[in-house]
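Sequential numbering of the sequence shown, starting at 3, is according to the numbering used here.
Derived by calculation from the structure, the hints in this document are not laboratory data. Among these hints, one or two may not hold up.
In the DSBU-like style, the derived pairs of lysine-lysine whose C-alpha atoms are separated by at most 30 Å in a straight line are [what the hints assert, rightly or not]:
1. Lys81 / Lys67
2. Lys67 / Lys47
3. Lys47 / Lys78
4. Lys47 / Lys81
5. Lys34 / Lys81
Owing to the predicted nature of the structure, the values given are computational and were not obtained by experimental measurement.
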Amino acid sequence: GVGICAQAFTVGDCQPNSVEIAIADPEVNGGKFEPNSAQRRLLTKGEMFHVPPGNIYRIENHSRKVACTLYWTIIKPFKRRSEE
3 GVGICAQAFT VGDCQPNSVE IAIADPEVNG GKFEPNSAQR RLLTKGEMFH VPPGNIYRIE
63 NHSRKVACTL YWTIIKPFKR RSEE
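Please put together the full structure from these sequences, using the hints given.
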């Protein structure tokens, strides 16, 4: 899972509708990725998506001809100085 961080992705390049994001509920299957209950979406160049904190995900390029480029950012919560 992604823990307390969110993750943001941008699809830089790929074959149209070939990159699949699947996000699963960590409460199902003991915290392991459960493909049958995952929410899925096919993506194309220029699209963005995020994985909320506490989730489990899988990204797959279904193209056999075109490589996929993803740009990825981890969004970590910050502590205020009063919390340190």
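Violations among the numbered hints, reported as their numbers in ascending order: 1, 4
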